[in-house]
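K.L.:
Produce the complete structure using the sequences and hints provided.
If you want the building blocks of each chain, they are given just below.
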Amino acid sequence: MTPDAVFQVCNPVAVAGWIALMSGLWNRQPVSAAARLGGTVVPLALSGVYLAALAVHLPGAPGGFSSLQGVADFFTNRWLLLAGWVHYLAFDLVVGAWEVRDANERGVPRLLVVPCLVLTFLFGPVGLLCYHGVRLRRARMS
Amino acid sequence: MRPSRTLLYRLWQASPPLTAVGLVMLAAFAAAAVGVVADARLVTGAPAWLKPAKFAISTAIYSLSLAWMFTCLDGWTRTKRWVGWTTAVVFVAEVAIIAVQAARGVTSHFNVGTVLDGVLFTVMGTGILLAWIASIALMIAAFRHRFADGALGWAIRLGLLITVVGASTGGLMTRPTSAQLEAARIERMTVAGAHTVGAADGGPGLPGTGWSLEHGDLRVPHFLGLHALQFVPLMALLLGGVEAVRRRRLVLVGAASYASLFAILLAQALRGQSVTAPDTVTLVLLAGWLALTTLGAAFTAQGPETLSNRVSVSL
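Line order of the protein sequences matches chains A and B. Each step along the first sequence adds one to the number in my numbering, with nothing skipped, and position 83 is 83. Each step along the second sequence adds one to the number in my numbering, with nothing skipped, and position 231 is 231.
In short, the hints are calculated from the structure, not lab data. Do not take every clue at face value.
Claimed, not checked - Facing chain B, according to a computed beta carbon distance under 10 Å, are these residues of chain A, among others:
| hint | residue |
| --- | --- |
| 1 | V15 |
| 2 | W18 |
| 3 | I19 |
| 4 | A20 |
| 5 | M22 |
| 6 | W26 |
| 7 | R106 |
| 8 | L111 |
| 9 | V114 |
| 10 | P115 |
| 11 | L122 |
| 12 | L129 |
| 13 | C130 |
| 14 | V134 |
| 15 | L136 |
| 16 | R137 |
Unchecked claim - Example chain B residues on the side facing chain A (calculated, C-beta under 8 Å, incomplete):
| hint | residue |
| --- | --- |
| 17 | A200 |
| 18 | A287 |
| 19 | L290 |
| 20 | A291 |
| 21 | T294 |
| 22 | L295 |
| 23 | A297 |
| 24 | F299 |
Ideal placement from N, C-alpha and C gives every residue a C-beta, glycine not left out.
P.N.:
Encoded structure:
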């Protein structure tokens, strides 16, 4: 098993999670089964991959977290690079799941949430900023 | 009377030439579609009758859209008559020439291979310039007209404005490319202009549209720009249930968003990049476009009293 092979598996799993999560917008329960799959099950599975990669490859890893150069050195290990990527995939989904849940509770129009989810998927924090912008306006309206 | 017949009747009342050309082009599209299936010849890598089919359906939609816009513009009788006839006559000539060249198995646009090809290409170029000027005339009329439905009025004005700008990207295609000019030093020029940026026309393309998979293709922004005329008013119609002031603001946001997407795709094509292979610059622009459109729509979704209060406070 190579880190590249694991990467090739994790990416489509995350995309499937995003599709399931997005479908949760069309089921106005706070947490639908599909949203639970995308927002909980998939992130937990990805977290498992992260944990395994770290458990095996963190001991003796180069670099550290106290300087940017240390972080760069740390990621020269491809297993740890994979772990970093899987970290993104898992946590972006969790943020997306919160957006869906919050939007369903507040009745934010789906058409405004979908672009935020797309942005959270592609550029994590940008999507979070965008959703908070949308949420701000909705909060003032009610 | 069935609704479709009533609409057709209203379109005919608004502009007989445009409605007639719209219907004729729908028939021409059906005929060309048969040609795509029945005639196996290829022109620049695509079925010979694909281009007549695309231009027939495009001109049909454009003509009927203009006729529909006429129904929203009370008065302006002379402007509408001139715009209607000019557009109709030009479109018949345009599609006829494209069909003749397809039947001959040669390209229509950019073809200066023989005297006949060159003359036909020049007639097409002059004709389409006239149709473009007609669309500008209609746009000016729309900007001066007082619409009963304010939001729809703005959608028609801005849709026409984006279409006029989008159509002008056709002019970017008819300039001879530097490679063509270079080749013309050695032998006579046979092709003047291209829709592909970064290579000669005729490489692999998306199924149906033929948009290049490997290089920039000016037909992408051209297509998007031209169809603002349908998209922006359609958006206004779909927002029919929204409160009037908010609806007008949403139309403005939608039109600005559409124009921005057009600009992003135009820049992408001009940089020689295929629409199917966006680089990081294009992705960042698209992400910004998506975020601003979403926030714009979210922040417009507000009742008129609240906003006028806020404006007066901030002033």
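K.L.:
Could you run down the list of hints and mark each one as holding or not?
P.N.:
Here's how the hints hold up against the structure:
1. At a threshold of 10 Å, the smallest CB-CB gap from V15 (chain A) to chain B is about 16 Å, leaving the interface hint violated.
2. The restraint placing W18 (chain A) at the interface with chain B is violated, with a minimum CB-CB distance near 15 Å, outside the 10 Å limit.
3. A cut of 10 Å between beta carbons decides the hint on I19 (chain A): the least distance to chain B is about 18 Å, and the hint is violated.
4. Restraint check, A20 (chain A) versus chain B: the minimum CB separation of about 21 Å is more than 10 Å; hint violated.
5. Residue-level restraint check for M22 (chain A) is violated (minimum Cβ-Cβ distance to chain B is 15 Å; threshold 10 Å).
6. Annotation: interface hint on W26 (chain A) violated; nearest CB of chain B at approximately 18 Å, more than 10 Å.
7. At about 12 Å, the closest approach between the beta carbon of R106 (chain A) and any beta carbon in chain B exceeds 10 Å, and the interface hint on this residue is violated.
8. Among the interface hints, the one on L111 (chain A) holds; its C-beta lies about 7 Å from the nearest C-beta in chain B, closer than the 10 Å criterion.
9. Taking 10 Å as the C-beta cut-off, the interface hint given for V114 (chain A) holds, the closest approach to chain B being about 9 Å.
10. Below 10 Å, beta-carbon pairs count as interface contacts, and P115 (chain A) has one with chain B at about 4 Å; its hint therefore holds.
11. With a cut of 10 Å, the hint placing L122 (chain A) at the interface with chain B holds, because the nearest CB-to-CB distance is about 6 Å.
12. Given the 10 Å rule on beta carbons, the hint for L129 (chain A) holds: about 8 Å separates it from the nearest Cβ of chain B.
13. Look at C130 (chain A): its Cβ gets to within about 5 Å of chain B, closer than 10 Å, so that hint holds up.
14. Taking 10 Å as the C-beta contact cut-off toward chain B, the hint placing V134 (chain A) at the interface holds, the least distance being around 4 Å.
15. A hinted interface residue such as L136 (chain A) counts as satisfied when its beta carbon comes closer than 10 Å to some beta carbon of chain B; here the least separation is about 8 Å, so the hint holds.
16. Satisfaction of the interface hint for R137 (chain A) is found here, the shortest Cβ-Cβ separation to chain B being roughly 5 Å, below the 10 Å cut-off.
17. The interface hint given for A200 (chain B) is violated, since its Cβ lies 34 Å from the closest Cβ of chain A, which is over the 8 Å cut-off.
18. Checking A287 (chain B) against chain A by beta carbon gives a least distance of about 5 Å; that is within 8 Å, so the hint holds.
19. Annotation: interface hint on L290 (chain B) holds; nearest CB of chain A at approximately 5 Å, less than 8 Å.
20. A distance limit of 8 Å between C-beta atoms decides the matter here; for A291 (chain B) the minimum to chain A is near 5 Å, and the interface restraint holds.
21. At its closest, the beta carbon of T294 (chain B) sits 4 Å from a beta carbon of chain A; the interface hint therefore holds under the 8 Å criterion.
22. About 5 Å separates the beta-carbon of L295 (chain B) from the nearest beta-carbon of chain A, less than 8 Å, and the hint is met.
23. Here the hint on A297 (chain B) is kept, as its CB sits about 6 Å from the closest CB of chain A, short of 8 Å.
24. For F299 (chain B), the interface hint holds, since its Cβ comes within 8 Å of a Cβ in chain A; the closest pair sits about 5 Å apart.
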